[in-house]
Amino acid sequence: MEQNYKRETFKRASLCRNFENETYKQIQNKKLKLPVYLSAGQEYIAASIAQYVEELNILPDIFIQHRGHSTYLSFGGDPVGLVKELLGKKDGCANGMGGSASIQCREKQIYGHDGLMGSHVPISTGMCYGNKKLTLCFTGDAAGEEDYSLTAIGWASTKNLPIWYIVEDNNLSILTEKKVRRNWELQDVAQSMNVSASGLPDDPLMIWNFIESHNMEKPMLLNVATNRLFWHAGAGIDDPHTFDRHKIYIDKFGTDIVKEAEQRVKEAWSKCLSH
Amino acid sequence: MSIALRDTIKDTVRHHLTKENGLAMGQCLTAVGWVGGTLPELYEEDGMVELSMADVAGGGFAVGAALAGRRPMYVIRYQGFNWFNAPMIINYAAKSKEIWGVPCPMMVRSIAMEGGIGPVAGSSHHALYYRMPGVKIVSPMTPYEYANMYLEFMDSDDVLYVSEHRGAYGNTEELPNIDYDIPDIVLFPISITRFAAVEAAKELEKEGYRVAVHHIVNIKPFQPSESDRNALMRARHGIVLDDDYVDGIAKSLAFDLCKGTASEMHVMGLKDKSAGFYPQVDNLPPSKDEIIAKIKEILK
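Taken in sequence, the protein lines are chains A and B. Numbering (the working numbering) for the first sequence: 1 to 275. Numbering (the working numbering) for the second sequence: 1001 to 1300.
None of these hints come from the bench; they were simulated from the model. Fair warning: there could be bad hints in the mix.
[What the hints assert, rightly or not] In silico negatives: residues of chain A with every beta carbon more than 10 Å from chain B:
| # | residue |
| --- | --- |
| 1 | GLN28 |
| 2 | VAL80 |
| 3 | GLU107 |
| 4 | GLY112 |
| 5 | ASP114 |
| 6 | SER124 |
| 7 | TYR129 |
| 8 | LEU134 |
| 9 | ASP147 |
| 10 | TYR148 |
| 11 | TRP155 |
| 12 | VAL189 |
| 13 | SER192 |
| 14 | ASN194 |
| 15 | ALA225 |
[Stated by the list, open to error] Residues from chain B shown here face chain A by an in silico Cβ test under 7 Å; the list is partial:
| # | residue |
| --- | --- |
| 16 | SER1052 |
| 17 | VAL1056 |
| 18 | ALA1057 |
| 19 | PHE1061 |
| 20 | VAL1063 |
| 21 | GLY1064 |
| 22 | ALA1065 |
| 23 | ALA1068 |
| 24 | ARG1070 |
| 25 | ASN1091 |
| 26 | TYR1092 |
| 27 | ILE1099 |
| 28 | TRP1100 |
| 29 | PRO1103 |
Just so you know, even glycine gets a beta-carbon here, dropped at the ideal spot from N, CA and C.
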């Protein structure tokens, strides 16, 4: 089962990575002119959790922020809808209004973001209160610092809500490192609020093990250390030596899955650019 | 027996929670007073949700509950607290339908009062929402207006800002427009100023002035009626009265009323200064006497 989980997670992550690599090229080719927030390097978090949730046959409510392409794709969002959105088309996944930062997928219950960093943390918490369904809130290490994000975690604890806060901790707010901004960790704050919490690397198996040890009817915070391969916005590389988990998985599972994902992504872009 | 506005609100909330699977959310709801007597004695299991004291997050919780289809009534005990409570309501709930096609219907019960409560808690602050798209603003001051507003809310999928005023909670009367064939001036009062406007009109009538009063309940969208326009065109003078600062809704509505009527429009509202806690430094909405003085100055 462990191997199967890793392989399926790799499939999702490969789709995400290829999508971002292709998007990177389209930005360089000037096909995309608005700000695009690429998630390459961070895709194993969403891919791992999407795979876990699918195996439980659960359709949670999902909240994302900017840099959400990988979450959208990992949870089954249509690549064509995302490409159209990046191109500003009316039939894009956010009606050609959301751009890269405010994507959504109604079929997969992925809700868009308004642009106020971290606002989706209390909003997702309120939705979870309203319907008591499993809710996933993907946020970042910077958005997690917002005072209302912290309050929301506390209220979820108070109300014992089935919500998972997944912090994609790439250590950066644009280029300002976490150590410059604070001397505390989100998982410690969450634990102090009686929320089950942990800090982990973006290793799919470690993520699986932590989630499995958690009571799903209660709130949880998972702070996952990860790496942003590209610029905060747009196509560029800050540090070419950044750790990349995808390379390890390619070595392990080979390139067939990668090629399959690459083909799917190229078809999506080709279909949209030809219209 | 007449029913006061506070009882209408209380009955409306009770219906919303017990018959419509709705929620009422806010801070200190079940404390002494039950928000000026406008809440029924219901608790969390009934949908009366006590939030933490974190105002910004509280607005977000209500927005989330709206996304879940619970049509929350989000109670803000002082309108000035919207500086903290409004961000996610006006940036997410109000935009969700337009951007994502996902309605997020919720009602903001925002309550004004004034007199000795300082620069934030005093007065109405509906102009904070007015400039943003996707929000409707209504200010019911009578039992019928409140009940009608609720029915319209339940028939829509909008974000509705309800600008309430504690000074009206004891009101049992409806407030019909006051009209003359040829008025000297037309008042267009909002919120608590409606009561002072009616008093001023009645007092000036004794002196021979014909002061028409056309009440404004629906602030946004604001659509002046034919009756409003006709009265203005005959009078040629009008005043919009607000319980908020004049550099906001009052001037905007005055502009809308001026268009096509060739009328000279004036505004009265909170003065452009901070309110202190003592009577001599307070900043209050226009009183009956101030309205009378303004009318006489315009008509002299």
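Hints the structure violates: just list their numbers, smallest first. Of the numbered hints, 4, 5, 6, 7, 9, 10, 11 and 29 do not hold.
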